[in-house]
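K.L.:
Residue-level listing of the chains:
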Amino acid sequence: MKYFPLVWAALWRKPARTILTFLAAAAAFTLFGLAIGVNATYAGFVARARADRVYVNPRFEGTLTLAQASRIARMKEVRAIGAEDFFIGYYRDPKNMVVPGFMDHGMREAAADYPLTAAQWDQLQASPTGVFIDNRTAARLGLKPGDAMPVLTSAPSRRDGSKLWPFHVLGVVENPPWARAGLVMANYDYYDRTRPLAQAGQVGQLFVLLQDPDRVPGFAVQVEGMFANSANPAWVVPDRIYAQVSGLYQFNIPLLTQGVSAAGLFMILFLIANGIAQSVRERVAEFAVLKTLGFSDWGVTALVFAEAAIPCLLGALVGFAIAMAVAAKIAGLSALQKMNVAPPTLSLNVLAVAFAFAALVAFASAALPAWRMRRLDIATALRR
Amino acid sequence: MVRQILAVTWLNLKNLPSRLWPSLVIVTGMAAAIGVLVSILSLAEGYTQMARSTGDPGRTIILPEGADKEEFATLPRGLIGDIVAAPGIARTADGASLADPEYISTFHATRSDGIVALILLRGIGRKGLALRPELKIVSGRMFRPGARELIVGITSQNRYRGLAVGDKAIMQDGEWPIVGSFTTGGDVLEGEMLGDSDTLMSAARKNAFNSVIVRLAGPDSLATLQQALAARPALAVRAERQSEYYERTSQGTVTFFRLVAFAVGGIMALGALFGALNTMYSAVGARTREIATLRALGFGGVAVAFSVIAESILLALAGALLGIATAWALLNGQSYAFAYTLFHLTVSPALVGIGLGWALAVALLGGILPAVRAARLPVVDALRAT
Chain F
5 MKYFPLVWAA
15 LWRKPARTIL
25 TFLAAAAAFT
35 LFGLAIGVNA
45 TYAGFVARAR
55 ADRVYVNPRF
65 EGTLTLAQAS
75 RIARMKEVRA
85 IGAEDFFIGY
95 YRDPKNMVVP
105 GFMDHGMREA
115 AADYPLTAAQ
125 WDQLQASPTG
135 VFIDNRTAAR
145 LGLKPGDAMP
155 VLTSAPSRRD
165 GSKLWPFHVL
175 GVVENPPWAR
185 AGLVMANYDY
195 YDRTRPLAQA
205 GQVGQLFVLL
215 QDPDRVPGFA
225 VQVEGMFANS
235 ANPAWVVPDR
245 IYAQVSGLYQ
255 FNIPLLTQGV
265 SAAGLFMILF
275 LIANGIAQSV
285 RERVAEFAVL
295 KTLGFSDWGV
305 TALVFAEAAI
315 PCLLGALVGF
325 AIAMAVAAKI
335 AGLSALQKMN
345 VAPPTLSLNV
355 LAVAFAFAAL
365 VAFASAALPA
375 WRMRRLDIAT
385 ALRR
Chain A
20 MVRQILAVTW
30 LNLKNLPSRL
40 WPSLVIVTGM
50 AAAIGVLVSI
60 LSLAEGYTQM
70 ARSTGDPGRT
80 IILPEGADKE
90 EFATLPRGLI
100 GDIVAAPGIA
110 RTADGASLAD
120 PEYISTFHAT
130 RSDGIVALIL
140 LRGIGRKGLA
150 LRPELKIVSG
160 RMFRPGAREL
170 IVGITSQNRY
180 RGLAVGDKAI
190 MQDGEWPIVG
200 SFTTGGDVLE
210 GEMLGDSDTL
220 MSAARKNAFN
230 SVIVRLAGPD
240 SLATLQQALA
250 ARPALAVRAE
260 RQSEYYERTS
270 QGTVTFFRLV
280 AFAVGGIMAL
290 GALFGALNTM
300 YSAVGARTRE
310 IATLRALGFG
320 GVAVAFSVIA
330 ESILLALAGA
340 LLGIATAWAL
350 LNGQSYAFAY
360 TLFHLTVSPA
370 LVGIGLGWAL
380 AVALLGGILP
390 AVRAARLPVV
400 DALRAT
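Residue numbers (the numbering used here), protein chains in the order written: chain F, 5 to 388; chain A, 20 to 405.
The hints are simulated quantities; they were obtained by calculation from the structure and are not laboratory data.
Nothing here was measured: the structure is a model prediction, and the numbers come from that model.
Honestly, I wouldn't trust all of these hints.
Result set (DSSO-like, lysine-lysine): computed pairs, CA atoms no more than 27 Å apart in a straight line [what the hints assert, rightly or not]: (1) A:Lys88 to F:Lys99; (2) F:Lys167 to A:Lys88; (3) F:Lys167 to A:Lys225; (4) F:Lys342 to A:Lys88.
Here's a subset of chain F near chain A, in silico, CB distances under 8 Å, partners left out [said to hold, decoys possible]: (5) Ala28; (6) Glu65; (7) Thr198.
Just so you know, even glycine gets a beta-carbon here, dropped at the ideal spot from N, CA and C.
Produce the entire structure from the sequences given, and follow the hints as far as they go.
P.N.:
As C-alpha cells, this is what we get:
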C-alpha cells in the first residue's frame, strides 16, 4: 500500500490514456456483467428446479385425465400431485390474449412455487369464478382486485354453449421471474363442471412431487409405460430438464453469453496490453532508478501489474454498476416481456467473476512488460 | 490541396507498420464489436428471411377471430365448407376452391444431446401441394393421401435424430414411416413435418382444423374475401395475407433479436471507440516530429488531420471486415431453433453494410479529436519533441 502513490503517479502521467482505458474497460465489463448476469438468471432457474418434481404431459396432441391423476396418486413414491388445465382466450379485445391456468386443490402443494399464500389458495378454491393475476397481467389489462374480468374464447367452451367466462379478480400477486409473460390462476373445479360434458375430467398437465428425487427416472419409465397403450399416453418431464429448455426454449444461453463476454474481454485485452507496454517502455529509466534504489524484481513486477490492474478493476466495478442500472431499466421493457425473457441477475457472485476476469486480463496484459522490467539491465537502462 | 492530402496520407500509411501493435488495438476492438453485432443480427436476419420467404402475398390464411397464431387456433370442421366457398378464392379447372384446411400439432423430436424438443407437425389436404409449388421432394417420395405416412423438412431432418427417410415416427396409433424429405427453399415449412390432415386428425381423435390456406383469385380479391367472411358473423373468421401474417407473427422475435444486437453491439462499439481514441492519440503523439516537419515544409493542417482520420478509418474497416468474416464463417447457414421454429443464421450483404457503417462511424468519432490535435500542434515546440 505504501507504494500506491508510485502507481498512482504512473497512471496520471498520461491522464487521457488512463481515462480512455478505464472507459473501455467499463464498457466491456458492463457487457460482461449483463451477459454473465443473464447466464446466472437461467442457471438460477435450473438450480431452483425441484429435483423431486416431475411434470406429466400428454405424449401427443390431446390431454390427460383426472382418472390418470388418481392412478398416479396411488403410486407409493408419489408425495403430492396437482392437476392443471388452461385455455386461450382474450379480455375485451383480441389483442389482449389471456391464458387462465385452472388449478385443482393438489396444486397447493405440488406447485408451492406459485406466488399464492395459504389464505389465497383457500380463497381460490372457495371462489368458482375468482382468479388471482400477477402485477404484470394487471398492468397490461388495467385490472385491480375486485374488477370483473370476462374472458372470451374462440371455440365454444362452456356447457351452456357460451364462449364467455365471467371471471373476477380476487387479488394481484407479485410476478415470479419464471413467468415474465404473466400468470392468471383460476379454479379447476369450476372450469371442469362448466365446460362441455365430453371434456369433463380432462387435464393439460400434472405436477407430481416424489418422496425420493432418485426415483425420478424410474418413475418416468413406469408412468409412461402404464399409459403407453391407453387413450391418453403420457410424457414425463423432470422439472430440471424443463427448466433447461423452457424460457427461451432451445436458445443456447450459455453459448451466447459466453461468446459476448469473451468478445468484450478480447477487445480490452489488446487495449490494456498495449497501454501498459507503452507506459513501461516510456519509463524504462524510471524502473532502472527504482531497482537501483533497492526495489526487488518482484516489487517492480507488482508495480507494473498494479498499473494494469487498477483501470481494469475500477472498470469492472463501474461496469457492474452500470449493468445493474441497465438490468433494472430493461426489466420493464415490453419487447422482453413478450418474449418471456427474465432480466439479468447481478449478484455478488457475478461481481466476483467480473473481478476475477478483470484481474486475469490485467495479469495477461502486464505479464510481458513486467518480465522485461525484471530482466532490465540497470546500467544500460540508466543511461537512457 | 488534394495532392497534399494524398501525399501526407500515403506517408502516414507507409509508416503504419512501425505502429503495428497500437494499431492492432483498433483492429481487434472493431473485429470484436462488429463481429458480435453482426452475429446477433444474423439471428434477426435469418428469422426475417425465413418469415418473408414463407409469406406469399398471393396466399391468404384464414383464422378464427381472436386467435393470432395458427398453432393456437381452432376451426371446427363444420365451418370449413362455408369458408372455402367464399368468393375471392382461386378455383381449379374443375371448379374446386384452391383452399386447404390445415391441422397443426406437435411432434416430439430428439435433439443430438438427447433432449426432446417439439417441432410442428402440419396436416395438409388435397390442395396443400397445389397451394405450395415451392415444395419439392428431395429424397424418398410424397406421402400418399389417407396413408399413415409422414414427410420431413430438410432442416428438421438435419437437426434431429430419427427423422431420416425409412425411419419410423411414433404416433398415437402406432409407428408411421417417414417416406420422404422436402425443401421449400428455406421457409418455415422446412423445419416442420407434413402428413395427411384427415389421417392425422383421426389419429389424434380431433375434429377441428387450425387454419385454412387459400390462393387468391387475383391481386384485389382479398377485399372481396374479407367482405364475404365479415358478412357471415357466425363464422367468426378473418382472412389475412400470408405475407402479412408471417410479418406480424415474426415481429416480436425479430424486434427482440435486433434489440439485443444493437444494445450489445452499441456497448461494444463504445468500448471500441475509447480504444480507437486512445490509439489515435498515441499515434499522433508518436508522429509529433513527423507532423511538425511536414507542417514546417508547408503542408497544411487539413492534410495532416485527414491523414489521421484516414488511418483510423482504414484500421476500423479492416477490423470490421475481420469480425464480419469470422461471423460469416462461424454462423452463416447454421440452423437455429427458436421455440419450434427453425431458421438459418444469415449474414446478408445488408448486415455487412450495417457492420461497415458502424465501423465507419466509430472510426470517424475516434479519429476527429486526435486529428484536430494533430492539425493544431504548435510547429516550433513539436519540432523539438523527442
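K.L.:
Among all the numbered hints in the text so far, which are the ones the structure does not match?
P.N.:
Hint 7 alone not satisfied by this model.
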